[in-house]
Amino acid sequence: MTYDGEPVSFVGRGTPPGRRVRTVVIPPGDVLDYVPGEWTDALVVVEEGLLEVECSSGARARFGSGAVLTFAAVQPRRLLNPGATPLVLSALTR
Numbered sequence: 019m020t021y022d023g024e025p026v027s028f029v030g031r032g033t034p035p036g037r038r039v040r041t042v043v044i045p046p047g048d049v050l051d052y053v054p055g056e057w058t059d060a061l062v063v064v065e066e067g068l069l070e071v072e073c074s075s076g077a078r079a080r081f082g083s084g085a086v087l088t089f090a091a092v093q094p095r096r097l098l099n100p101g102a103t104p105l106v107l108s109a110l111t112r
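The sequence shown begins at 19 in my numbering and counts up by one.
Hints in this document: simulated from the structure, not taken from any laboratory.
Treat the hints loosely; a few may be bogus.
[Unchecked claim] Each pair of labels, with its calculated beta carbon distance range:
#1 T103 with R40: 12 to 22 Å
#2 G30 with T103: 15 to 25 Å
#3 D59 with G32: 31 to 41 Å
#4 G23 with D51: 27 to 37 Å
#5 P54 with G23: 28 to 38 Å
#6 A102 with G36: 23 to 33 Å
#7 P35 with S74: 15 to 25 Å
#8 A79 with D59: 17 to 27 Å
#9 G32 with A77: 29 to 39 Å
#10 D48 with A79: 32 to 42 Å
#11 T111 with P45: 29 to 39 Å
#12 T111 with G30: 15 to 25 Å
We put the CB at the ideal spot given by N, CA and C, even for glycine.
Turn these sequences into a full structure, and let the hints steer you where they fit.
As structure tokens, this is what we get:
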């Protein structure tokens, strides 16, 4: 949540100097293999839908709309959309 109680979002907002925002859409039931170089130093926001992160250990965790996360401390293997609607992620990077 932001200071005004709204969910964090990078959609439709200006990008800070020296940063870029990338939008990733994963269709319902689809999977995206995790490529570390594509997510280095990224601050990720689940803009819409449900994200399931599958780690290399096989452990899984789910994050709903409004979740803010980074993959720096984990070793994801795949990013999944277990939902019935598109999963929209925004990633802020340097």
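Verification of the supplied hints:
Roughly 20 Å separates the CB atoms of T103 and R40, a value that falls within the hinted 12 to 22 Å. A beta carbon spacing of about 19 Å between G30 and T103 agrees with the range 15 to 25 Å that was offered as a hint. Taking 31 to 41 Å as the suggested C-beta distance range, the pair D59 and G32 does not conform, at roughly 19 Å. The hint said 27 to 37 Å for the Cβ distance between G23 and D51, and at roughly 36 Å that hint holds.
Under the hint 28 to 38 Å, the C-beta atoms of P54 and G23, about 34 Å apart, fit the expected range. At roughly 38 Å, the beta-carbon separation of A102 and G36 lies outside the given 23 to 33 Å, and the hint is violated. At roughly 35 Å, the beta carbons of P35 and S74 sit outside the given window of 15 to 25 Å. As the Cβ distance of A79 to D59 is approximately 20 Å, the hint placing it in 17 to 27 Å holds.
A hinted range of 29 to 39 Å for the beta carbons of G32 and A77 is consistent with their spacing of about 36 Å. Evaluation of the 32 to 42 Å hint for D48 and A79 yields a failure: the beta carbon distance comes to about 18 Å. Range check, T111 to P45: Cβ separation about 23 Å, and the 29 to 39 Å hint is violated. Hint check: T111 to G30, Cβ distance near 18 Å, so the stated range 15 to 25 Å holds.
Hint compliance for this structure: hints 3, 6, 7, 10 and 11 are not met, and every other hint is.
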